[in-house]
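**Student:** This is what each chain is made of:
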Amino acid sequence: MEQVIIDTANHIAGHAARAARVKVVAAYPITPQTTIVEKIADFVESGEMDAEYIRVESEHSAMVACIGAAATGVRTFTATSAHGLALMHETLHWASGSRLPIVMAVVNRAMGAPWSIWPDLADSLSQRDTGWIQFYCADSQEVFDTIIQAYKLCEDEKVFLPAMVCLEGFILSHTYSPAKIPDQEKIDAYLPPYRCGWALDVDHPYSHANLVSPEWYMEFRYMIQEAMNNAKQIIPQIDKEYGKLFGLQHGGLIEKYKCEDAELILLTMGTIGSEAKLTVDKMRREGQKVGSARIRVYRPFPAEEIVKLAENSQMLATIDRHISFGMEGFLASETKAALFNRADRPPLAGFIAGLGGRDVTAETIEKIAKKSLKYATDGKVENDPIWVDLKE
Amino acid sequence: MIKEPKKRKDLPLTPLSCPTVGSMGKTGSWRTFRPEVDYSKCTKCTLCWIDCPDAAITRREDDSPEIDYDYCKGCGICANECPTKAIRMKREED
Amino acid sequence: MVTIKELPREEYLLKGHAACAGCGPAVSLRLLFKALGNKVILVVPACCTTVIQGPYPYTSSAVPLQNILFESTGAAASGIVAALRQRKLEEITVVGWAGDGGTADIGIQALSGAAERGTNFIYVCYDNEAYGNTGMQRSGATPYGAWTTTTPTGKGERKKDMPLIMAAHRIPYVATACTSYPLDFITKLQKAKTIVGTKYIHLLAPCPTGWRYDTSKTIEVGRLAVQTGVWALYEIENGKFKLNSPSDRLIDKSKRKPLKEYFSLQGRFRGLSETNVEKIQKQIDDDMENYGKLASNCVPDQAIYGRA
Amino acid sequence: MFYFLTGRVVAVIKEIRIHGRGGQGSVTAAEVLAHAAFFEGKCVQAFPYFGAERRGAPVKAFARISDEPLLVHSQIYAPDYVIVLDPYIYKVVDVTEGLKKDGVIVFNTTKKPEELGLKNWRVATVDATGIALELNLIVAGQPLVSTSILGGFAKATEQVKLESVLKAVRETWSGAAGEKNSRATELAYERLTKWWNGAAL
Numbered sequence: 001m002e003q004v005i006i007d008t009a010n011h012i013a014g015h016a017a018r019a020a021r022v023k024v025v026a027a028y029p030i031t032p033q034t035t036i037v038e039k040i041a042d043f044v045e046s047g048e049m050d051a052e053y054i055r056v057e058s059e060h061s062a063m064v065a066c067i068g069a070a071a072t073g074v075r076t077f078t079a080t081s082a083h084g085l086a087l088m089h090e091t092l093h094w095a096s097g098s099r100l101p102i103v104m105a106v107v108n109r110a111m112g113a114p115w116s117i118w119p120d121l122a123d124s125l126s127q128r129d130t131g132w133i134q135f136y137c138a139d140s141q142e143v144f145d146t147i148i149q150a151y152k153l154c155e156d157e158k159v160f161l162p163a164m165v166c167l168e169g170f171i172l173s174h175t176y177s178p179a180k181i182p183d184q185e186k187i188d189a190y191l192p193p194y195r196c197g198w199a200l201d202v203d204h205p206y207s208h209a210n211l212v213s214p215e216w217y218m219e220f221r222y223m224i225q226e227a228m229n230n231a232k233q234i235i236p237q238i239d240k241e242y243g244k245l246f247g248l249q250h251g252g253l254i255e256k257y258k259c260e261d262a263e264l265i266l267l268t269m270g271t272i273g274s275e276a277k278l279t280v281d282k283m284r285r286e287g288q289k290v291g292s293a294r295i296r297v298y299r300p301f302p303a304e305e306i307v308k309l310a311e312n313s314q315m316l317a318t319i320d321r322h323i324s325f326g327m328e329g330f331l332a333s334e335t336k337a338a339l340f341n342r343a344d345r346p347p348l349a350g351f352i353a354g355l356g357g358r359d360v361t362a363e364t365i366e367k368i369a370k371k372s373l374k375y376a377t378d379g380k381v382e383n384d385p386i387w388v389d390l391k392e
Numbered sequence: 001m002i003k004e005p006k007k008r009k010d011l012p013l014t015p016l017s018c019p020t021v022g023s024m025g026k027t028g029s030w031r032t033f034r035p036e037v038d039y040s041k042c043t044k045c046t047l048c049w050i051d052c053p054d055a056a057i058t059r060r061e062d063d064s065p066e067i068d069y070d071y072c073k074g075c076g077i078c079a080n081e082c083p084t085k086a087i088r089m090k091r092e093e094d
Numbered sequence: 001m002v003t004i005k006e007l008p009r010e011e012y013l014l015k016g017h018a019a020c021a022g023c024g025p026a027v028s029l030r031l032l033f034k035a036l037g038n039k040v041i042l043v044v045p046a047c048c049t050t051v052i053q054g055p056y057p058y059t060s061s062a063v064p065l066q067n068i069l070f071e072s073t074g075a076a077a078s079g080i081v082a083a084l085r086q087r088k089l090e091e092i093t094v095v096g097w098a099g100d101g102g103t104a105d106i107g108i109q110a111l112s113g114a115a116e117r118g119t120n121f122i123y124v125c126y127d128n129e130a131y132g133n134t135g136m137q138r139s140g141a142t143p144y145g146a147w148t149t150t151t152p153t154g155k156g157e158r159k160k161d162m163p164l165i166m167a168a169h170r171i172p173y174v175a176t177a178c179t180s181y182p183l184d185f186i187t188k189l190q191k192a193k194t195i196v197g198t199k200y201i202h203l204l205a206p207c208p209t210g211w212r213y214d215t216s217k218t219i220e221v222g223r224l225a226v227q228t229g230v231w232a233l234y235e236i237e238n239g240k241f242k243l244n245s246p247s248d249r250l251i252d253k254s255k256r257k258p259l260k261e262y263f264s265l266q267g268r269f270r271g272l273s274e275t276n277v278e279k280i281q282k283q284i285d286d287d288m289e290n291y292g293k294l295a296s297n298c299v300p301d302q303a304i305y306g307r308a
Numbered sequence: 001m002f003y004f005l006t007g008r009v010v011a012v013i014k015e016i017r018i019h020g021r022g023g024q025g026s027v028t029a030a031e032v033l034a035h036a037a038f039f040e041g042k043c044v045q046a047f048p049y050f051g052a053e054r055r056g057a058p059v060k061a062f063a064r065i066s067d068e069p070l071l072v073h074s075q076i077y078a079p080d081y082v083i084v085l086d087p088y089i090y091k092v093v094d095v096t097e098g099l100k101k102d103g104v105i106v107f108n109t110t111k112k113p114e115e116l117g118l119k120n121w122r123v124a125t126v127d128a129t130g131i132a133l134e135l136n137l138i139v140a141g142q143p144l145v146s147t148s149i150l151g152g153f154a155k156a157t158e159q160v161k162l163e164s165v166l167k168a169v170r171e172t173w174s175g176a177a178g179e180k181n182s183r184a185t186e187l188a189y190e191r192l193t194k195w196w197n198g199a200a201l
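Heads up: the protein sequence lines correspond to chains V, U, C and W, in order. Numbering of the first sequence is given in the numbering used here, commencing with residue 1 and proceeding in unit increments. Numbering of the second sequence is given in the numbering used here, commencing with residue 1 and proceeding in unit increments. Numbering of the third sequence is given in the numbering used here, commencing with residue 1 and proceeding in unit increments. Numbering of the fourth sequence is given in the numbering used here, commencing with residue 1 and proceeding in unit increments.
The hints are simulated quantities; they were obtained by calculation from the structure and are not laboratory data. Check before you lean on any hint, since a few could be wrong.
[Stated by the list, open to error] Okay, derived cross-link-like pairs now, PhoX-like style, lysine-lysine, Cα gap no bigger than 25 Å in a straight line:
| hint | chain 1 | residue 1 | chain 2 | residue 2 |
| --- | --- | --- | --- | --- |
| 1 | U | K7 | V | K158 |
| 2 | U | K85 | V | K158 |
| 3 | V | K158 | U | K3 |
Hey, can you work out the whole structure from these sequences and the hints?
**Tutor:** Have a look at this one:
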């Protein structure tokens with residue numbers, strides 16, 4: 001039955017894999033993801049999880065083992081971070097191209113060189129083109145619920161794509177906090193066993209992923225784009241339905257906080273989105289109409305919702321925990337892209353904050369908000385990304 | 001599973017190929033020499049059958065070989081391996 | 001030993017595939033199906049078979065086949081084996097079918113991982129001694145002195161000894177085989193099928209396009225490889241080394257055919273210097289002597305790699 | 001194809017498709033042809049049909065010859081000329097696909113156009129295989145026709161001079177092979193039969 005547990009977000013992710021009745025887990029350890037796979041190992045060895053845990057010799061093999069298992073018709077799970085995810089890059093393409101509903105927890109961590117074990121979103125964001133759906137979580141409850149929702153979404157025959165559920169290393173992954181674990185029967189009813197009509201089967205011998213000539217390749221790629229667009233419609237429905245069943249909701253594509261009358265909207269991702277609510281409340285108490293929109297789903301990118309959001313605001317500020325060298329943060333770029341053809345688009349200031357685990361406090365967010373409001377009143381916005389708390 | 005997709009809607013979600021004889025068409029057109037069997041010399045040892053890369057030789061009831069010229073690529077392994085030289089390679093005329 | 005006429009007539013590598021005329025690997029894949037039937041899932045990385053099976057929407061494979069990334073055969077097999085066990089579909093044989101590059105070079109890590117985990121599958125490396133699908137570039141398994149497009153004056157290093165590397169993983173079964181000895185290969189596959197754990201078979205599969213010989217000579221060239229001692233047929237079962245016929249008789253150098261007979265058929269050895277031929281002859285003599293020792297004094301605890 | 005920019009014929013581009021089998025040297029034929037035209041100051045391109053080429057399997061290669069620099073990179077759909085290296089391939093491949101109405105087919109065969117079903121096309125034939133066998137010009141068991149037929153092409157289409165082809169042949173093959181190939185190219189030039197009257201395209 002339903003219980004509330006207090007544990008780290010990583011362990012709660014392990015609970016989610018167990019609750020989703022995953023059948024094959026293939027994973028390779030990497031800080032800060034390790035405690036997920038350790039938790040799963042305990043569940044499997046203790047019999048709490050009827051699954052097969054393949055202790056592979058690399059992240060590349062972790063994803064390919066999941067591909068093999070998913071192609072043979074079972075639900076699969078893995079987890080990784082930073083360089084593990086980068087090593088998977090080739091296999092990420094293979095998984096989405098094979099339309100396999102693999103769910104992976106990505107415990108965000110900065111990319112080297114030099115080594116850094118602390119969080120930022122460079123690792124998962126640089127995989128945005130691989131055909132994987134990407135969720136970004138702000139708290140442990142959302143990690144649990146999003147993993148369950150991700151299976152519901154990915155196994156929908158209008159989607160059949162893999163998904164990453166991202167959570168920032170340490171500030172979320174290793175943070176101990178309460179989370180509700182819904183009743184298992186209710187989860188089983190919500191998430192029936194995975195069926196794949198075209199799994200590897202000696203009675204229906206297909207070859208998977210043969211060479212495709214120029215004659216058909218483009219059509220197969222278009223179908224992945226279609227699936228992503230379908231996902232954009234289905235994700236809010238799933239979140240709503242999950243909310244009705246379990247009393248837990250996380251905003252669908254974008255978690256909007258006091259945006260309706262906001263002059264300035266802060267566009268954020270992950271835990272920064274959670275702390276931004278404190279800033280919004282404080283500044284509203286001081287009479288400044290600020291709102292926060294946490295982009296929960298980065299792929300498919302919620303362009304239409306961002307356009308709607310921007311309609312009644314005078315100023316936007318994006319906070320990227322990431323930099324695409326030589327340009328700006330992705331959230332800034334793609335938000336601008338979503339608004340480009342809108343004549344009434346508000347100005348947008350792009351901020352870079354929290355790289356390599358640097359703390360982003362409510363005060364830091366307040367500085368960002370105030371700077372943005374000043375841009376709005378001056379009617380002049382910095383084009384280049386603004387690096388927050390950057391040492392001289 | 002539609003084996004001859006014409007439109008996008010005929011396609012499976014991901015490329016799933018159906019087992020097909022002649023996935024590369026009638027490969028018999030590739031050869032410049034063709035094996036011919038002199039059944040009087042054939043001892044039905046089935047070596048030609050086992051060594052054919054293209055499964056273009058079938059083993060009849062009496063174990064004698066039958067060559068499917070639609071698919072034989074004319075590599076000549078059967079002729080080379082036949083212990084009684086019952087198989088000869090002849091240049092493909094028009 | 002099974003006889004040819006006892007072999008089933010069914011064909012699961014369907015004719016009209018895209019292999020070059022005289023392709024050794026294509027013969028070998030047919031032999032694999034003769035040995036294992038069609039309750040098989042084939043795992044195929046980037047290699048000649050990727051193209052041989054033909055493009056979507058067709059395939060020449062009559063068994064389910066998972067095309068996978070170049071270095072991932074072992075990992076994909078692990079996933080499939082685990083899923084089959086979870087779905088209680090136990091009598092399906094999972095077979096990794098990879099080229100020498102995908103085995104000895106880029107794929108060795110995933111293979112080693114799968115072997116170390118005791119993954120229950122058969123891994124067959126069909127070895128045409130170069131990257132055949134991309135036009136015969138040198139691989140770790142290309143023999144010393146052989147021409148390839150990236151070693152125009154002959155490879156400078158010896159062939160990587162994959163079978164013994166795999167034996168060092170203490171897996172229950174390792175064997176070498178050759179396209180030209182079909183019954184030996186089939187017998188080894190059928191034995192492997194009865195064993196639980198990782199089974200590795202390294203199959204020499206001659207390639208006319210790459211070795212530069214006339215397409216009709218594929219089986220003859222493979223035979224000569226064994227008869228000259230270039231390629232030895234053996235098995236290592238739970239660490240116990242055993243030479244197979246005819247290699248067991250060829251420990252005696254006088255019974256071997258002259259090396260030149262093997263080289264003269266192949267364009268890839270045309271530029272071989274006399275000193276290199278002697279050097280290769282010395283390598284063969286040492287190897288055969290070592291195999292003789294392994295076979296003769298081999299009681300389980302003294303096997304070179306397979307201590308239980 | 002005529003390259004129109006702003007309504008004005010900018011460049012006259014001659015497009016050639018070559019039919020052969022894997023291992024017969026179709027790509028070499030395209031390259032040597034391009035090389036020959038290059039010697040005459042033309043802008044050139046040569047490229048294979050990008051696919052898995054298997055020894056014996058039907059393959060295509062292409063060349064473009066132009067007065068102006070070539071900006072086009074797409075495939076050739078309506079060739080001005082077709083070269084057929086393999087005598088039997090016409091049974092499995094439509095060598096006239098997309099060929100311009102008054103285009104020319106240079107065929108390595110001993111047959112007449114009507115025997116090849118090409119009655120209403122401008123066809124030129126030469127037994128390049130016979131020439132190769134005559135001169136013992138054999139590589140890996142196959143008679144080498146890929147360059148000698150260009151001698152026939154020069155005569156049939158007048159797009160390149162024989163000397164340019166010979167010069168390109170010697171660029172590709174040195175020593176004895178170069179000599180033998182050049183001799184075969186000259187013979188192909190001499191023995192070419194044009195089965196239509198009137199000038200070339």
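**Student:** Next pair to validate is K158 (chain V) with K3 (chain U); report whether the Cα-Cα distance is within 25 Å.
**Tutor:** holds, 22 Å
**Student:** Check whether the Cα positions of K7 (chain U) and K158 (chain V) lie no farther apart than 25 Å.
**Tutor:** holds, 18 Å
**Student:** Straight-line Cα separation of K85 (chain U) and K158 (chain V) no greater than 25 Å?
**Tutor:** With a Cα-Cα distance of about 60 Å, the restraint between K85 (chain U) and K158 (chain V) is violated, given a limit of 25 Å.
Against the hints set out earlier in the document, a violation occurs for number 2 only.
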